[in-house]
Amino acid sequence: MRRVPDTAARIRILADGKSIDTRDTEFVINPYEEYALEQAVQLKEKHGGEVTVVILGPEKSTQVIMKALALGADKAVHLKSDKNPEDPGSIARALANELEGLEFDVLLFGKKGVDDDNQQVGQMVAELLGIPCVTQIVKLDVSGGKAVAHREVEGGSITVETTFPAAFTAEKDLTVPRYASLRELVAARKKPIVVKDVQLPMSSIEIVSIQNPPPRPPGKIVGKGVDAVPTLVKLLHEEAKVI
Amino acid sequence: MTGEVLVLAESSGPAFRKAALEAVTEGRRLADLLNVSECALAIGSGLKDRANELGKYGADKVILAEDPSLALFHPDYYRQIALEAIKRVNPSVVLAAATSAGKDLAPRLAIHLGTAVASECTHLELENGKLVATRPAYAGKVLLRVRVNSSPSIATLRPNVFTAKEVVPGKKPTIEQIQFNRPDSRMIVKEFVTQGARKLDLTEASVIVSGGRGMGGPQNYKILEELAEVMGGVVGASRASVDAGWRPHSDQVGQTGRTVSPTLYIAAGISGAIQHRVGMINSKVIVAINRDPEAPIFGFADYGIVGDVFEVVPALTREMKAFYGKA
Numbered sequence: 003m004r005r006v007p008d009t010a011a012r013i014r015i016l017a018d019g020k021s022i023d024t025r026d027t028e029f030v031i032n033p034y035e036e037y038a039l040e041q042a043v044q045l046k047e048k049h050g051g052e053v054t055v056v057i058l059g060p061e062k063s064t065q066v067i068m069k070a071l072a073l074g075a076d077k078a079v080h081l082k083s084d085k086n087p088e089d090p091g092s093i094a095r096a097l098a099n100e101l102e103g104l105e106f107d108v109l110l111f112g113k114k115g116v117d118d119d120n121q122q123v124g125q126m127v128a129e130l131l132g133i134p135c136v137t138q139i140v141k142l143d144v145s146g147g148k149a150v151a152h153r154e155v156e157g158g159s160i161t162v163e164t165t166f167p168a169a170f171t172a173e174k175d176l177t178v179p180r181y182a183s184l185r186e187l188v189a190a191r192k193k194p195i196v197v198k199d200v201q202l203p204m205s206s207i208e209i210v211s212i213q214n215p216p217p218r219p220p221g222k223i224v225g226k227g228v229d230a231v232p233t234l235v236k237l238l239h240e241e242a243k244v245i
Numbered sequence: 011m012t013g014e015v016l017v018l019a020e021s022s023g024p025a026f027r028k029a030a031l032e033a034v035t036e037g038r039r040l041a042d043l044l045n046v047s048e049c050a051l052a053i054g055s056g057l058k059d060r061a062n063e064l065g066k067y068g069a070d071k072v073i074l075a076e077d078p079s080l081a082l083f084h085p086d087y088y089r090q091i092a093l094e095a096i097k098r099v100n101p102s103v104v105l106a107a108a109t110s111a112g113k114d115l116a117p118r119l120a121i122h123l124g125t126a127v128a129s130e131c132t133h134l135e136l137e138n139g140k141l142v143a144t145r146p147a148y149a150g151k152v153l154l155r156v157r158v159n160s161s162p163s164i165a166t167l168r169p170n171v172f173t174a175k176e177v178v179p180g181k182k183p184t185i186e187q188i189q190f191n192r193p194d195s196r197m198i199v200k201e202f203v204t205q206g207a208r209k210l211d212l213t214e215a216s217v218i219v220s221g222g223r224g225m226g227g228p229q230n231y232k233i234l235e236e237l238a239e240v241m242g243g244v245v246g247a248s249r250a251s252v253d254a255g256w257r258p259h260s261d262q263v264g265q266t267g268r269t270v271s272p273t274l275y276i277a278a279g280i281s282g283a284i285q286h287r288v289g290m291i292n293s294k295v296i297v298a299i300n301r302d303p304e305a306p307i308f309g310f311a312d313y314g315i316v317g318d319v320f321e322v323v324p325a326l327t328r329e330m331k332a333f334y335g336k337a
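Heads up: the protein sequence lines correspond to chains A and B, in order.
Sequential numbering of the first sequence, starting at 3, is according to this note's numbering.
Sequential numbering of the second sequence, starting at 11, is according to this note's numbering.
Here chain A stands alone, though its shape is the one from the complex:
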């Protein structure tokens, strides 16, 4: 799990033209990882076991760790790193190093971070650990020592069956995250957090520059109501040439 800027946040580029100004940014749990965490908690409620969240992020990640614990995780491992490398492979290697020492049946990820939009880390970690990984799943059924996952693809879904341990990356439809009650927020403070400093491996991807997307040229209001429809069709055909 990682913390990311809230999806409503404005993203400002710093003067160096290579990094993002996060001083006033509100950070939240990456939404896709909230769907994954909810799935983990539901599996625990149904099948027993324990949920551990592993969070890679800076010192300031405490708030999102507390939230994850309040949402049903039993304990947290905070891999402390101030760097947020552009190369997902670097993040994946750091996570895989840590996970090699843990025992688990199910490893859940968000399908991607809503900050870098890379969509790489889950399947990379699984490759490093040599376990199956089903990406962008919208449904997970577990019974009889097997999992059947439904992955959302173009125009439908593909069902994939696997044994454990296995990794899955969550698409939005997987679960509806619960809200943490005040009682759970208080209880979260007593749950164990293991903090470790990590060194992220070298990044193979380098940011050359960050730019704002070019603005769209101003459009026009064709008119009001049904009367404007013929003009619109004419403009789409003759001016925009898209029909």
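These are computed hints drawn from the structure, not numbers from a lab.
Predicted model only: the values in this text are computed from it and were never measured.
Note that beta-carbon positions come from the ideal geometry of N, C-alpha and C, so glycine has one too.
One should not assume that every hint holds.
Straight line, CA to CA, 27 Å or less: simulated DSS-like cross-link-like pairs of lysine-lysine [to be verified]:
(1) B:K294 / A:K243
(2) B:K294 / A:K222
(3) A:K141 / B:K140
(4) A:K62 / A:K48
(5) B:K66 / A:K226
(6) A:K243 / B:K140
(7) B:K175 / B:K294
(8) B:K331 / A:K236
(9) B:K200 / A:K148
(10) A:K85 / B:K140
(11) B:K331 / A:K243
(12) B:K331 / A:K222
(13) B:K294 / A:K236
Beta-carbon label-pair distances, calculated as ranges [claimed, not checked]:
(14) A:H239 / B:G227: 28 to 38 Å
(15) B:G56 / A:T64: 34 to 44 Å
(16) B:K58 / A:D107: 35 to 45 Å
(17) A:R25 / B:G309: 26 to 36 Å
(18) B:D194 / A:K193: 31 to 41 Å
(19) B:T173 / A:K193: 30 to 40 Å
(20) A:K77 / B:K175: 48 to 58 Å
(21) B:L93 / A:G147: 22 to 32 Å
(22) B:K232 / A:K193: 47 to 57 Å
(23) A:K243 / B:P193: 43 to 53 Å
(24) A:G147 / B:G255: 29 to 39 Å
Chain A is already provided as a structure; the job is to place chain B on it using the hints.
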């Protein structure tokens, strides 16, 4: 010496995806810049007769791996074949379409090859033989230019951004087969279930008609379905209407849904919040229909009609029917 450009040409059934043809066309452009040849990798079932088609889009050679068990994307099977092809070709650049399969596979290859992937690129350049990719981040609120410093450089290409073009009409590529020996895998890919009658994914559609909160309820999307049908498009939705349970998540356009770049995007009853805007801002032409003249969507739509969607959309459907001669 610089290696070739290798492009994973993904298929859907016995045909190549449009996004795959876009990648092959872009691969040709890079191969010419590097003065190397382009090789396409086709994995699937029943592709043999179609493999030649990739030549027209620029491939000098097609490596073909065919087996009934390859009809659907299987991470372990596809990875094994792709790694074998990479070993044969020794490419300096590997491209794939940023489809569900391409985005799944490319990072796996990167781990095995000790290299990195630039995801969902919208533009590619070469600087001193190295790949420099432009890719949107923060759902397109910013554009990153990134350099891949390891080899081979891997990039996935956002569908509908690059142009698929028959750059070398009539060209016949050489065809080379890879013998597929099914590896052991703990994953069993069982079946593909289509979602309703929809033929196209939002990311592949050239016309999208999207509805938001202004549609009032799930039953009213019928008028959007009708408009989409006439125009050969598909229906999308805003986060508000998906969260309300009116439409499935696979229809959602925006930061936690699909990022689309169709030729024409018609937004009906959508206010145009940043969450939605970032998912469709790269559409070629945006049309907005909204009752509220102050709606933010009018700030970035190319054409707007201020009016009631329940009147304007059916009128637009009639007008389009007449336009396409279907009346």
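Comparing the hints with the structure gives:
no.	hint	in the structure
1	B:K294 / A:K243	holds (10 Å)
2	B:K294 / A:K222	holds (15 Å)
3	A:K141 / B:K140	violated (40 Å)
4	A:K62 / A:K48	violated (33 Å)
5	B:K66 / A:K226	violated (47 Å)
6	A:K243 / B:K140	violated (37 Å)
7	B:K175 / B:K294	holds (18 Å)
8	B:K331 / A:K236	holds (13 Å)
9	B:K200 / A:K148	holds (14 Å)
10	A:K85 / B:K140	holds (24 Å)
11	B:K331 / A:K243	holds (17 Å)
12	B:K331 / A:K222	holds (24 Å)
13	B:K294 / A:K236	holds (17 Å)
14	A:H239 / B:G227: 28 to 38 Å	holds (32 Å)
15	B:G56 / A:T64: 34 to 44 Å	violated (55 Å)
16	B:K58 / A:D107: 35 to 45 Å	holds (41 Å)
17	A:R25 / B:G309: 26 to 36 Å	holds (27 Å)
18	B:D194 / A:K193: 31 to 41 Å	holds (39 Å)
19	B:T173 / A:K193: 30 to 40 Å	violated (53 Å)
20	A:K77 / B:K175: 48 to 58 Å	holds (55 Å)
21	B:L93 / A:G147: 22 to 32 Å	holds (30 Å)
22	B:K232 / A:K193: 47 to 57 Å	holds (49 Å)
23	A:K243 / B:P193: 43 to 53 Å	holds (49 Å)
24	A:G147 / B:G255: 29 to 39 Å	holds (33 Å)
Comparing the model with each numbered hint stated earlier shows that hints 3, 4, 5, 6, 15, 19 do not hold.
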